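Visitor: Protein chains in written order, with our numbering: chain V, 2 to 305; chain Z, 13 to 424; chain L, 10 to 187.
In case anyone wonders, no lab produced these hints; they're calculated from the structure. This one's a predicted model, so the numbers in the text were calculated from it and none came from an experiment. Note that the Cβ used here is the ideal one computed from N, Cα and C, for glycine as well. Errors might be hidden in some of the hints.
[To be verified] Using C-beta positions, here's what the derived DEER-type ranges look like:
id: 1; chain 1: L; residue 1: Arg182; chain 2: V; residue 2: Ala218; range: 23 to 29 Å
id: 2; chain 1: L; residue 1: Arg182; chain 2: Z; residue 2: His285; range: 23 to 29 Å
id: 3; chain 1: V; residue 1: Leu271; chain 2: Z; residue 2: Trp129; range: 25 to 31 Å
id: 4; chain 1: V; residue 1: Glu220; chain 2: Z; residue 2: Leu305; range: 25 to 31 Å
id: 5; chain 1: V; residue 1: Glu220; chain 2: Z; residue 2: His285; range: 40 to 46 Å
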Amino acid sequence: MSTENPADCQTVNRREVIKTLFTLAAAYTATGCKREADSLSTFFHTHFKEMSPEKLASTMESWERRYKKRYNREISVNATPAQEGVLFGYALDVSRCIGCRKCVYACVDENNQSRDPQVHWITVLEMDNKHGIDLRHADAYYEAEKVPREDKFYFPVQCQQCENPACVKSCPVKATWKDPDGIVVVDYEWCVGCRCCVTACPYGARSFNWARPNVPAEEINPVTEYLGNRPRPQGVVEKCTFCMQRSRNGKYPACVEVCPVGARKFGNLLDPNSEINYVLKNHRIFILKEELNTQPKFFYYFSI
Amino acid sequence: MKAIIRIMFNGSYAYYAWVFFLLVCIVQGLMAYASQFTDGLIVTNMRDSVSWGYYIGNFTFLVGVAASAVMLVIPAYVYNWKPIKEVVIFGELLAVAAIVMCLLFVLVDMGHPERLWHMIPGLGMPNFPNSLMAWDALVLNAYLAINLFVVIYLLWSAYQGKPYNTKIVIPLVILSIPLAIGIHTVTAFLYSGMASRPYWNASILAPRFLASALCSGPAVLLILFQVLRKITPLEIKDNAIHKIAELMAYAMGFNLFLFGAEIFKEYYSNTHHLVHYEYLLFGVNGEPSPIALYAWTSLIFSFVAFFLFVIPATRRNFFTMNIGALLIYFSVYIEKGIALIIPGFTPDSLGQIYAYTPSATELRVAVGIFGIGFLIFTLFVRVGIFLLFERKEVPEPIHEISPGEAAEGSSI
Amino acid sequence: MKMRTKLILLYAMLAATAGLVSSLDIPESTDSGAGAVPEDLIAVAPPPFSEGVFPCSDCHFEDDEVDLDPREVDFHDTVHFDHASDSRWCLDCHDAQNRDMLHLADGRLIPFEESYRLCGQCHAQQLRDWEAGDHGRRTGEWSGTKQYLLCAHCHDPHSPTFESLTPLPPPIRQEEIK
Numbered sequence: 002m003s004t005e006n007p008a009d010c011q012t013v014n015r016r017e018v019i020k021t022l023f024t025l026a027a028a029y030t031a032t033g034c035k036r037e038a039d040s041l042s043t044f045f046h047t048h049f050k051e052m053s054p055e056k057l058a059s060t061m062e063s064w065e066r067r068y069k070k071r072y073n074r075e076i077s078v079n080a081t082p083a084q085e086g087v088l089f090g091y092a093l094d095v096s097r098c099i100g101c102r103k104c105v106y107a108c109v110d111e112n113n114q115s116r117d118p119q120v121h122w123i124t125v126l127e128m129d130n131k132h133g134i135d136l137r138h139a140d141a142y143y144e145a146e147k148v149p150r151e152d153k154f155y156f157p158v159q160c161q162q163c164e165n166p167a168c169v170k171s172c173p174v175k176a177t178w179k180d181p182d183g184i185v186v187v188d189y190e191w192c193v194g195c196r197c198c199v200t201a202c203p204y205g206a207r208s209f210n211w212a213r214p215n216v217p218a219e220e221i222n223p224v225t226e227y228l229g230n231r232p233r234p235q236g237v238v239e240k241c242t243f244c245m246q247r248s249r250n251g252k253y254p255a256c257v258e259v260c261p262v263g264a265r266k267f268g269n270l271l272d273p274n275s276e277i278n279y280v281l282k283n284h285r286i287f288i289l290k291e292e293l294n295t296q297p298k299f300f301y302y303f304s305i
Numbered sequence: 013m014k015a016i017i018r019i020m021f022n023g024s025y026a027y028y029a030w031v032f033f034l035l036v037c038i039v040q041g042l043m044a045y046a047s048q049f050t051d052g053l054i055v056t057n058m059r060d061s062v063s064w065g066y067y068i069g070n071f072t073f074l075v076g077v078a079a080s081a082v083m084l085v086i087p088a089y090v091y092n093w094k095p096i097k098e099v100v101i102f103g104e105l106l107a108v109a110a111i112v113m114c115l116l117f118v119l120v121d122m123g124h125p126e127r128l129w130h131m132i133p134g135l136g137m138p139n140f141p142n143s144l145m146a147w148d149a150l151v152l153n154a155y156l157a158i159n160l161f162v163v164i165y166l167l168w169s170a171y172q173g174k175p176y177n178t179k180i181v182i183p184l185v186i187l188s189i190p191l192a193i194g195i196h197t198v199t200a201f202l203y204s205g206m207a208s209r210p211y212w213n214a215s216i217l218a219p220r221f222l223a224s225a226l227c228s229g230p231a232v233l234l235i236l237f238q239v240l241r242k243i244t245p246l247e248i249k250d251n252a253i254h255k256i257a258e259l260m261a262y263a264m265g266f267n268l269f270l271f272g273a274e275i276f277k278e279y280y281s282n283t284h285h286l287v288h289y290e291y292l293l294f295g296v297n298g299e300p301s302p303i304a305l306y307a308w309t310s311l312i313f314s315f316v317a318f319f320l321f322v323i324p325a326t327r328r329n330f331f332t333m334n335i336g337a338l339l340i341y342f343s344v345y346i347e348k349g350i351a352l353i354i355p356g357f358t359p360d361s362l363g364q365i366y367a368y369t370p371s372a373t374e375l376r377v378a379v380g381i382f383g384i385g386f387l388i389f390t391l392f393v394r395v396g397i398f399l400l401f402e403r404k405e406v407p408e409p410i411h412e413i414s415p416g417e418a419a420e421g422s423s424i
Numbered sequence: 010m011k012m013r014t015k016l017i018l019l020y021a022m023l024a025a026t027a028g029l030v031s032s033l034d035i036p037e038s039t040d041s042g043a044g045a046v047p048e049d050l051i052a053v054a055p056p057p058f059s060e061g062v063f064p065c066s067d068c069h070f071e072d073d074e075v076d077l078d079p080r081e082v083d084f085h086d087t088v089h090f091d092h093a094s095d096s097r098w099c100l101d102c103h104d105a106q107n108r109d110m111l112h113l114a115d116g117r118l119i120p121f122e123e124s125y126r127l128c129g130q131c132h133a134q135q136l137r138d139w140e141a142g143d144h145g146r147r148t149g150e151w152s153g154t155k156q157y158l159l160c161a162h163c164h165d166p167h168s169p170t171f172e173s174l175t176p177l178p179p180p181i182r183q184e185e186i187k
């Protein structure tokens, strides 16, 4: 309810309103420009899938130049395609995991997640033996002198690379999709930041860049993928890609290699002789929230 | 055009004061938004666990307000029921203002609002038919376009002193009826389609949205009509107001019934999904919920309003009816703005609890958006009143129109 | 050949393992399909000896007289023996004459590089899973050369139960992300 002196109000005439509006627009634009030097140049950025091979190559180069300028070091930006005849699968032995969180931080280092504000792609949940796998009794923030703690077990969760991904379905602009090798990727230059996918994901696997991500230049992993671990802009969603910069080049994801107890298994589901298929054949596996029919390619099992 | 602007700048001191107040709201909102645009959504209290909050809550509420214009259009045009017909334009104006606010609330919630063009068919890559958000953007814009066209056409006809062409208006108005139901249903589907959030993943959500919209929208109009007939020559018969109030009583009863049905299902079956209702109404893990007070307020307001409207004596008494209208308005505002969104995310999909409440920036931006909505509404109503009732006079300060909206404005 | 014997050789150090493995150049590569893996095709990292203990023959000589009575031995004080200790002792695995080798139950000598065969005598299931890439940590390439770790890289053969670790810090609570 207005309590202004009517005399003041009379001064509001057309010219002044227009002047105010122009000033505001100018101020608004000025603050907007401060946000990110890339803002204008990415405004007309093409969707990844719409790029011709030449356009793709020049885009990768321009991002390399941009990062070189920003971080003052060589950072390669690649668009490695999915390998033919490969469908990635992942298995995690819940009975072995000790909850040391080495995977969480190996992932942060490998994939250039923001240090501040903190972004983690892997969440390790501590659960009670007596409750079993019950998210109501799960704690992601456990602090312990030593792990594993008595009467507890540990349950890491990350992107489950669903065959039927709810996140992809929910995206209003097709900025996220499932590649032929099963990896769900995000085009950071197409994402509008509406967070439908964050809401749709039943596994809390998607993170939003609430502020401009911050990674010290010397800590950046310089081997990056355009749809994967390259430094991200503010205001877009990011997620685990099974370390596509590694896995598409034949290597294990960082979390697999770092796990001190060998609880993490990875490989090609289409290769009958792969480690992952041995695990799936020889253990009783289960998937998280199977009733949602997301059909994850991330499997859990208890080997002991 | 000049004439229209002249009309807009013409009014009583109270009118100026009201407009000035709205401009202050808008300016401070823009300032808050500027900091959000620069620093990112970190200045809100939304985080990965609760990735939608107050903005999307307001959006949902306003979709309901916009959709309820249909409440008036149906009897006026379909049954050719004269007492409401003249005021339909104000309902449509309300819809236009509400939709503009809806779109603004979605816009400020986006990490990259400048990439909005990615959603435009032909230009961007809207994800049809999979994404409910893409559908929502489509139907909201279609609804906005139709209502804006009807409103401007009606005003234009009045400006030229010609009767409007019913062959243009009636089909469009009739088309806007399914669209009104559509925008609200699609918005409800946006939530109820999310299997990841059991709190929303209920088929009853869309009917609940419609029922609550048919309470809150007309509540705004009831008060608006009383103001209009006081300050303009417009004749709105008591009969019409009582009829709307009666229809609202049914909607309120139905709304409560649907809520009760949901509460029964959750509490009787007592599954894990109950935890979200526990968070809404009480709290979980021994921690009291910061939104429980709002939830109970909303529920009590809703019950009181229902009784005020369902009892003929209090419904026909303008004093108690107005109290009821305010109560139901606030009840639905809390229900959509807070009680719908936040418990859906708390606990989050991995069972973790982040106790979200909106930040100062979120509140300020919301005030700014309401300011823009009310300003649009005020200016249009000003023009509408002039063209429909004061046309023969030369534009000069004539009537006050602010107090009615002022009452609404304070609800922000 | 001049040989001196020591009673105990191995001490697996979990923490040292990662660095050790990644810096190694493994000559025998394998494409290691699961199932039947010929033992000689398993690429292994060298055994994780404690510093300064190998070769054992520096101290233990072939012609030393050895008391073959099972007993507690306290010379190797870095070793804490807790591996079925009421029925096992050093020379069940370490060879009394050739201290740089281990021996299987049937007396065949095996080098430390093949110690998994020794472990697999009792832990056959684990051996099978390990060969298939199921049990234990793998590094390298999911589709090509894999670097296998020996049992002893992760499990101290003298005390195979894992020691607990200090976890890395928990995520910052979302209330505190500003």
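Visitor: Between arginine 182 of chain L and histidine 285 of chain Z, does the beta-carbon spacing fit 23 to 29 Å?
Guide: 25 Å, holds
Visitor: CB of glutamate 220 of chain V to CB of histidine 285 of chain Z, is that within 40 to 46 Å?
Guide: Hint holds: Cβ distance 42 Å, inside 40 to 46 Å.
Visitor: Quick check on a hinted range of 25 to 31 Å for leucine 271 of chain V and tryptophan 129 of chain Z, using CB atoms only.
Guide: 39 Å, violated
Visitor: With 25 to 31 Å as the target window, see if glutamate 220 of chain V and leucine 305 of chain Z comply at their CB atoms.
Guide: 45 Å, violated
Visitor: How does the Cβ-Cβ distance of arginine 182 of chain L and alanine 218 of chain V compare with 23 to 29 Å: does it lie in that range?
Guide: 28 Å, holds
Comparing the model with each numbered hint stated earlier shows that hints 3, 4 do not hold.
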